[in-house]
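Chemist: Quick note, the sequences are listed as chains A and B, same order. Under this note's numbering, the first residue of the first sequence carries the number 45, and numbering increases by one thereafter. Under this note's numbering, the first residue of the second sequence carries the number -17, and numbering increases by one thereafter.
Everything labelled a hint here was simulated from the structure, so no lab data went into it. Any given hint could be a false lead.
[Unchecked claim] Not the full set, but computed from the structure, chain A residues with beta-carbon under 7 Å of chain B:
(1) Leu51
(2) Ser113
(3) Gly114
(4) Met116
No experiment lies behind these values; they were computed from the predicted model shown. In this text, a Cβ means the ideal position worked out from N, Cα and C, and glycines have one as well.
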Amino acid sequence: MAKIKSLDELMKIKEKAVKEIQMRDTEKKGKIIVAMGTCGIAAGAKETLQAVVNELEKNGINDVSVVQSGCMGLCDVEPTVEVIMEGSDPIIYGHVSPEQVSRIVDQHVKNGKVVSDLLVRKGEI
Amino acid sequence: MPVATNTILMCAGGGCISSGEESCLQALQKAVEKYSLQEVVKVVETGCMGMCDAGPLMVIYPEGVYYQKLTPEDVEKIVSEHILKGRIVEEKLLDNPVSSLKTQNPYDDHPFFTRQVKIATRNMGIVDPMKIEEYIAHDGYFALQKALSMNPEEIIAELKESGLRGRGGAGFPTWLKWDLTRKVPGDEKYVLCNADEGDPGAFMDRSILEGDPHSILEAMAIAGYTIGASKGYVYIRAEYPLAIERLRAGIEQAKELGLFGENIMGSNFSFDLEIRMGAGAFVCGEETALIESIEGKRGQPRVKPPFPAQVGVWGKPTLNNNVETYANIPPILTKGAKWFSSIGTQTSKGTKVFCLAGKVKNTGLVEVPMGITLREVVYDIGGGIPNGKEFKAVQTGGPSGGCIPKEHLDTPIDYETLKELGTMMGSGGMIFMDEDTCMVDVAKYFLDFSVEESCGKCLPCREGNRVMLDMLEKITQGEGEDGDIEKLIELGKNIMDTSLCGLGQSSPQPVISTIRYFRDEYEAHIKEKRCPAKVCKPLIRYVIDPEKCVGCTACSRVCPVSAISGEVKKVHEIDSDVCTRCGSCIQVCRFGAISIVSP
Chain A
45 MAKIKSLDEL MKIKEKAVKE IQMRDTEKKG KIIVAMGTCG IAAGAKETLQ
95 AVVNELEKNG INDVSVVQSG CMGLCDVEPT VEVIMEGSDP IIYGHVSPEQ
145 VSRIVDQHVK NGKVVSDLLV RKGEI
Chain B
-17 MPVATNTILM CAGGGCISSG EESCLQALQK AVEKYSLQEV VKVVETGCMG
33 MCDAGPLMVI YPEGVYYQKL TPEDVEKIVS EHILKGRIVE EKLLDNPVSS
83 LKTQNPYDDH PFFTRQVKIA TRNMGIVDPM KIEEYIAHDG YFALQKALSM
133 NPEEIIAELK ESGLRGRGGA GFPTWLKWDL TRKVPGDEKY VLCNADEGDP
183 GAFMDRSILE GDPHSILEAM AIAGYTIGAS KGYVYIRAEY PLAIERLRAG
233 IEQAKELGLF GENIMGSNFS FDLEIRMGAG AFVCGEETAL IESIEGKRGQ
283 PRVKPPFPAQ VGVWGKPTLN NNVETYANIP PILTKGAKWF SSIGTQTSKG
333 TKVFCLAGKV KNTGLVEVPM GITLREVVYD IGGGIPNGKE FKAVQTGGPS
383 GGCIPKEHLD TPIDYETLKE LGTMMGSGGM IFMDEDTCMV DVAKYFLDFS
433 VEESCGKCLP CREGNRVMLD MLEKITQGEG EDGDIEKLIE LGKNIMDTSL
483 CGLGQSSPQP VISTIRYFRD EYEAHIKEKR CPAKVCKPLI RYVIDPEKCV
533 GCTACSRVCP VSAISGEVKK VHEIDSDVCT RCGSCIQVCR FGAISIVSP
């Protein structure tokens, strides 16, 4: 590893390390839950999860955590993705393919607008 | 790019390791593999999380859920339930003493955590001690970088303003020590770190070194730059192999990044250090004995003055600070002296790390602001006394300190108030005692420790403590005489006045302090031949209550000396002349028929 000679170089290492650590930070603005039950995985939830992670990474969003959960009982509309943004009701989306993920991130996570054509349920179950 | 979505922190502090962290970690890795979670779960081993009593501990992020008292089976279950299915495993959560519900995020709502202010232990339980990047992410090495852009006078002025005092016991102002060593002329100076933690019940230095070794390295480099030294020693006991291993790894990593060793961060300042392992002699925590030991000699104190600031290691000016003191230095420089001095009391700034041990529910490691009352430490953070017993006293300062009884529970803790109470801050061990503790026995225990650890160089400590111990032995045997208490006080004061080093100057303290607060217990032993706490074996008897005994023979079967006689279904009896007071019978009696009496 190259030796650190200046404050800038130290800062660079810090920024990189902070990014990795932030993943475990609880001070998040929101949470995206991908249901990874057997039904979800069979319907392609693994790819959806990967797409969620990629899309957040691509948009530089690091204050939203990605969590996996089990089956929520909506096996019919899997893969399901639940988006919980601070201060608003949880939103459950159904039939979320990797292609739809970018719309959810773009419209809902970034701009706070619910993607209505994918909506399954609004509010606490 | 696959990104870890769950980070699991496993506490790898000494306490959790000894309660089975390693097998839990293996179970965790196996479970992660079993469910093919390698890409979405990151496992990090951290330093001590503080709540040693509840170990092995594990925190799962991003939710921040805290699981306690784990077994490998629990870990497997948590992976399959929590990680895979998103369901919290309720039964492994901590109890919340405030709401009687379980708590998921104790950092937010459990008084053990919310009452703490973490400065010296800021990174413990959060960072992976084996990864320098994680330390840097938490502002690590920024203080060193800042220090290198300041001149030494400015650093010392900052320390002076912060009000930081030595955390090893006596509370000497840190800035003054640094300034004195800096002002002594000489181009060869040394920086020492005293990690020879020897008090029974104290383990904060070990925990800091195990949990955050870089904070010590960084602070020692800053000290080297300030006083003009390019070499340092960490004097650490060989019983701390994990701390040594992590410190070594830390030095390697810091050197690789150019943050340690030759030309630190491209400047012309170089600093390197050597680890010296001690054989675990208590007296080597005394700074001049420590220096002797580093030089390869027998660990015996030198006469002061000259102080180490003038004549230290290899006869050169030497700066010596305790581990916890060093751990406070980087935040003072990065966050500023004003911030630091806003915490604490008039005379004692900042925080103190305490190790809670003995009869307290939440044993472990805590860092609290100076000025907190003992009551808060015992009941809020410590969770009170277990088994419904009553708090009797707490010993601070280990064998050099004294006890604080319950009348003084509301005293704010700082260097001065503890001194007024006849004890001292010491390194920060707090040993709690409940109503079943005999204070004469406690004093005997600590004095016995000092007698064992006396280096024998000077007479008052070597012989005086021995005589005091013999007297205490006599008292607990029921052979005490009138006037013994006065003799103990007089001899104790003489030892403290005439001993060469800190060990002898403080070793009678536990006796004097227990006499001060619990004189009635001494008198009961001497005059009435009675041990009020029913501890001292020659003064107690085990008896069977004939009304409660059903003659189940459990006690007579377990008695190792056949002191209990009686037939099946008939009342049993204990022969006091044969009985060794081992207490086995009381544990097996299911009817509460056996009790201890002291005449």
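Chemist: Hint by hint, work out which the structure violates, then give me just those numbers in ascending order.
Modeler: 4
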